[in-house]
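Colleague: Here is how the chains run, residue by residue.
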Amino acid sequence: MANYRTTPWFQGVLLGGFCLVASVALAYGTKLTAPAIESAAKADLTASLNQVIPASKRANDMTADTVTLDTPGGKTIVYRARSGKKVDAVAYRVVGKGYGGDIVIVMGVDRSGEILGVRVVQHSETPGLGDKIDARKTDWVHGFDKLSRANTPDAKWAVKKDGGRFDQFSGATITPRAVVKAVKEGLELFEANRAQMLGAEADDPPAASVPDPAAAPKSERSVS
Amino acid sequence: MSKPSRAMAILKDGLWTNNVTLSQKLALCPLLAVTSTATNGLGMGIATTAVLVMTNVAISLVRGVITPQVRIPAFILVIAGIVTLVDMAINAYAHELYKVLGLFIPLIVTNCVILGRAEAFASRNGPAYSAADGLGMGMGFTAALTGIGAIREVLGSGTLFANASLMLGAPMAFLETTVISDYKGFLLMILPPGGFLVLGFALAAKRIFDTRASRRAAAAVATEPASACH
Numbered sequence: 050m051a052n053y054r055t056t057p058w059f060q061g062v063l064l065g066g067f068c069l070v071a072s073v074a075l076a077y078g079t080k081l082t083a084p085a086i087e088s089a090a091k092a093d094l095t096a097s098l099n100q101v102i103p104a105s106k107r108a109n110d111m112t113a114d115t116v117t118l119d120t121p122g123g124k125t126i127v128y129r130a131r132s133g134k135k136v137d138a139v140a141y142r143v144v145g146k147g148y149g150g151d152i153v154i155v156m157g158v159d160r161s162g163e164i165l166g167v168r169v170v171q172h173s174e175t176p177g178l179g180d181k182i183d184a185r186k187t188d189w190v191h192g193f194d195k196l197s198r199a200n201t202p203d204a205k206w207a208v209k210k211d212g213g214r215f216d217q218f219s220g221a222t223i224t225p226r227a228v229v230k231a232v233k234e235g236l237e238l239f240e241a242n243r244a245q246m247l248g249a250e251a252d253d254p255p256a257a258s259v260p261d262p263a264a265a266p267k268s269e270r271s272v273s
Numbered sequence: 026m027s028k029p030s031r032a033m034a035i036l037k038d039g040l041w042t043n044n045v046t047l048s049q050k051l052a053l054c055p056l057l058a059v060t061s062t063a064t065n066g067l068g069m070g071i072a073t074t075a076v077l078v079m080t081n082v083a084i085s086l087v088r089g090v091i092t093p094q095v096r097i098p099a100f101i102l103v104i105a106g107i108v109t110l111v112d113m114a115i116n117a118y119a120h121e122l123y124k125v126l127g128l129f130i131p132l133i134v135t136n137c138v139i140l141g142r143a144e145a146f147a148s149r150n151g152p153a154y155s156a157a158d159g160l161g162m163g164m165g166f167t168a169a170l171t172g173i174g175a176i177r178e179v180l181g182s183g184t185l186f187a188n189a190s191l192m193l194g195a196p197m198a199f200l201e202t203t204v205i206s207d208y209k210g211f212l213l214m215i216l217p218p219g220g221f222l223v224l225g226f227a228l229a230a231k232r233i234f235d236t237r238a239s240r241r242a243a244a245a246v247a248t249e250p251a252s253a254c255h
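Respectively, the protein sequence lines represent chains P and C. The first sequence begins at 50 in the working numbering and counts up by one. The second sequence begins at 26 in the working numbering and counts up by one.
Calculated directly from the structure, the hints in this document are not laboratory data. This one's a predicted model, so the numbers in the text were calculated from it and none came from an experiment. No residue lacks a Cβ here, since even glycine has one placed at the ideal position from N, Cα and C. Don't take each hint at face value.
Residues of chain C placed beyond 12 Å of chain P at every Cβ, according to the derived structure [stated by the list, open to error]:
| no. | residue |
| --- | --- |
| 1 | LYS28 |
| 2 | TRP41 |
| 3 | VAL78 |
| 4 | THR109 |
| 5 | SER148 |
| 6 | GLY172 |
| 7 | LEU212 |
| 8 | ARG232 |
| 9 | ALA244 |
With a straight-line Cα cutoff of 27 Å, these simulated DSS-like cross-link-like pairs (lysine-lysine) come out [stated by the list, open to error]:
| no. | chain 1 | residue 1 | chain 2 | residue 2 |
| --- | --- | --- | --- | --- |
| 10 | C | LYS124 | P | LYS80 |
| 11 | P | LYS233 | P | LYS209 |
| 12 | P | LYS186 | C | LYS28 |
| 13 | P | LYS186 | P | LYS205 |
| 14 | P | LYS146 | C | LYS124 |
| 15 | P | LYS135 | P | LYS80 |
| 16 | P | LYS186 | C | LYS37 |
| 17 | P | LYS210 | P | LYS230 |
| 18 | P | LYS230 | P | LYS205 |
| 19 | P | LYS186 | P | LYS124 |
| 20 | C | LYS124 | P | LYS91 |
| 21 | P | LYS135 | P | LYS124 |
| 22 | C | LYS209 | P | LYS209 |
| 23 | P | LYS124 | C | LYS124 |
| 24 | P | LYS210 | C | LYS124 |
| 25 | P | LYS146 | P | LYS134 |
| 26 | P | LYS233 | P | LYS210 |
Partner residues aside, some chain P positions facing chain C, computed with beta carbon under 7 Å [as the list claims (entries may be wrong)]:
| no. | residue |
| --- | --- |
| 27 | LEU63 |
| 28 | LEU64 |
| 29 | PHE67 |
| 30 | ALA71 |
| 31 | ALA74 |
| 32 | ALA76 |
| 33 | LYS80 |
| 34 | THR82 |
| 35 | ILE86 |
| 36 | ALA89 |
| 37 | GLY220 |
| 38 | ILE223 |
Working from the sequences, and respecting the hints, build out all of it.
Modeller: Structure, rendered in structure tokens:
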């Protein structure tokens, strides 16, 4: 009676049955978790964009307001922040070649080409050495704030060892060098594609023609 | 043996006597990869323990159905399926944890301990004992990972449980301590060779401890032969 258990066809059917059950479980699991995973990924994206673009510059849903650029390394998605009608700032990903592989960086740049913030969102650099580029570990990455190609000459876009303005880490020079290079290339990308990134209103209207609504109440003496 | 005492014996076996890392010398690949800090070791240990309990129970439940000829592919299928489901569930419902542990979870499939316990224990015992075995082996693995991670972290970067709050949540921030302030760091300990070195010393230490214990036990038997007969 129990002999059928040793026949080859039974082994095949048994294993096939296991595969079927596992496939059904995985398919059901995928279906069940997909919406939550998608919203978590979107929340991650929003969180990283919010870190590089100050709240005052974004009143819109940046993840919905995008332009896609064709860049040498593939496509770059540019997320645009608007406080009013025009684009105030843009954020996009750049990738550096680090010691342990790709370093994925999100950077925010305002209309004038000045850096608002830089964050490393993914890397596999040596823990304790190269991972100082992570904003949660040290504030090295804040060294990029407010820099632009206009206020920092090309030669200073390098680590101190190479004559630049950025600290290297003892025991890890390749990592900060890669981040500096990637951020500089990010700014060059902005310069080259400024019109496309900022959309139709790329050129600033003359400042005097638009009165600043925030300035008006301040000129009068407030009763406090 | 009564049920509770058998369960206790299984737990002790996993935690010390037959410890995955220190006695069976299994799962050394994830051990060397993740133990650069105590926090990472703890995270990997907890994830492995959870998976090990689940796979042990699942395999114990189907042990009557599986034939010996196809048991290995069937076990691997069950293990890989469960790990993938756990991976998706953590990604969906505990996303913060996933960002830290995400890298380690797929590695669990390749952890030979899981298949080893399925083959050696769960396929021969009931679900309750299998769960106890998974828990004991998992906790033993976690202890070894955390201990080796702690030694490497203190020697390598002078901290202990750095970034524990990122993985375990803000309430666990008290674990983060700086053992040696203003420490210059000892790179070798953080890199894989440090893992081999610390593991070697840990294995030697357990060997010495076990040898002394058995010698003491032998001496006790020799001096009191009467009590040993009972």
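Colleague: Using the nearest Cβ pair, does P:ALA74 come within less than 7 Å of chain C?
Modeller: holds (6 Å)
Colleague: Measure nothing beyond the straight line between the CA atoms of P:LYS233 and P:LYS210; if it is 27 Å or shorter, mark the hint as holding.
Modeller: holds (17 Å)
Colleague: Hint P:ILE86 vs chain C: min CB-CB distance below 7 Å?
Modeller: holds (5 Å)
Colleague: Non-interface claim for C:LEU212: all C-beta distances to chain P beyond 12 Å?
Modeller: violated (6 Å)
Colleague: Say whether it holds or is violated: C:GLY172 keeps its Cβ farther than 12 Å from all Cβ of chain P.
Modeller: At about 18 Å from chain P, C:GLY172 clears the 12 Å cut-off, so the statement holds.
Colleague: Interface hint check: P:THR82, Cβ to nearest Cβ on chain C, cutoff 7 Å. Holds or violated?
Modeller: holds (4 Å)
Colleague: Below or equal to 27 Å on CA atoms is what counts here, so check P:LYS135 against P:LYS124.
Modeller: holds (24 Å)
Colleague: Non-interface claim for C:LYS28: all C-beta distances to chain P beyond 12 Å?
Modeller: holds (30 Å)
Colleague: Within 27 Å, alpha carbon to alpha carbon, are P:LYS186 and C:LYS37?
Modeller: Violated: P:LYS186 and C:LYS37 sit about 39 Å apart, past 27 Å.
Colleague: Interface hint check: P:LEU64, Cβ to nearest Cβ on chain C, cutoff 7 Å. Holds or violated?
Modeller: Holds - the Cβ of P:LEU64 comes within 7 Å of chain C, reaching about 5 Å at its closest.
Colleague: For the hint on P:PHE67, does the least C-beta distance to chain C fall short of 7 Å?
Modeller: This interface hint holds because 5 Å falls under the 7 Å limit.
Colleague: Would you check whether P:GLY220 satisfies its interface hint, that is, whether its CB is within less than 7 Å of any CB in chain C?
Modeller: holds (6 Å)
Checked against the numbered hints listed earlier, the structure breaks hints 4, 7, 12, 15, 16, 19, 24, 25, 32, 33, 38; every other hint is satisfied.
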